[in-house]
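Trainee: With the sequences and hints as input, model every part of the structure.
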Amino acid sequence: MTFDKLADRCLLFVDERKQMLIELLKEAELEITRRCNLYESIETISCDGSESYPLPKNYKQIIFAQHDGDKLYPVEEDQVSYDGDGSIGTGTPTGYFIRNSNFHLDYKTSSGTIRISYYGTVDDIQDQDSDPSPIISDQYHRDLCDYAIAVAYAKTDSGMHDKFMGYWENSIARTMEQQRDKELIHEIKGEI
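Heads up: the sequence shown at position 117 corresponds to 995 in this note's numbering, and the numbers run straight through without jumps.
Hints were generated in silico from the structure; no laboratory data involved. Zero decoy hints are in this set.
Per label pair, the in silico range of CB-to-CB distance: (1) Ala1051 / Ile920: 24 to 34 Å; (2) Glu1055 / Asp956: 32 to 42 Å; (3) Ile941 / Glu905: 24 to 34 Å.
Calculated pairs, BS3-like style, for lysine-lysine (alpha carbon to alpha carbon, straight line, at most 25 Å): (4) Lys935 / Lys904; (5) Lys1033 / Lys896; (6) Lys896 / Lys1041; (7) Lys935 / Lys949; (8) Lys883 / Lys1041; (9) Lys935 / Lys986; (10) Lys949 / Lys938; (11) Lys938 / Lys1060; (12) Lys949 / Lys986; (13) Lys949 / Lys1060; (14) Lys904 / Lys1033; (15) Lys1041 / Lys904; (16) Lys986 / Lys938; (17) Lys904 / Lys938; (18) Lys883 / Lys896; (19) Lys883 / Lys904.
Glycine included, C-beta positions come from ideal geometry on N, C-alpha and C.
Mentor: Printed below as a string of structure tokens:
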């Protein structure tokens, strides 16, 4: 569904300018991706001999990481071996850790490609077409309306604001519960 069509849906509940509702729907999409893992992306990095690489600005959480198709495992920073001069040794990386918005390898390499799959927010990457749509999955589009309607009512009708904000918070809680179930299934499969 496009933001325009979602705004039409919101207009069934609240009298507001359509363009403002579209902006509130975009804000809702940003908020839901900040609170829930609904947006997935992949970053590809060419190794250049560095020990760390900047993560995308919208990065939230690693799903998986690979170097030349081989899985990289998360490690604690204190598990990484350093040379006498305090630098990370050269070799084929097998692990990584995250610090200061950077992806750090356990071994530096000047060849190969790192592929990072991650959960992110929609900060600065929302659809900018002439008739934009949310970039999150269609199943969450209607939930965005609850947020937009609640905020639109914030100054004029506190009862309606509270009602629709409650719907929004319930949607967030339900989505987070679904994600926990999905992640648990993946963890169990990984252990088997």
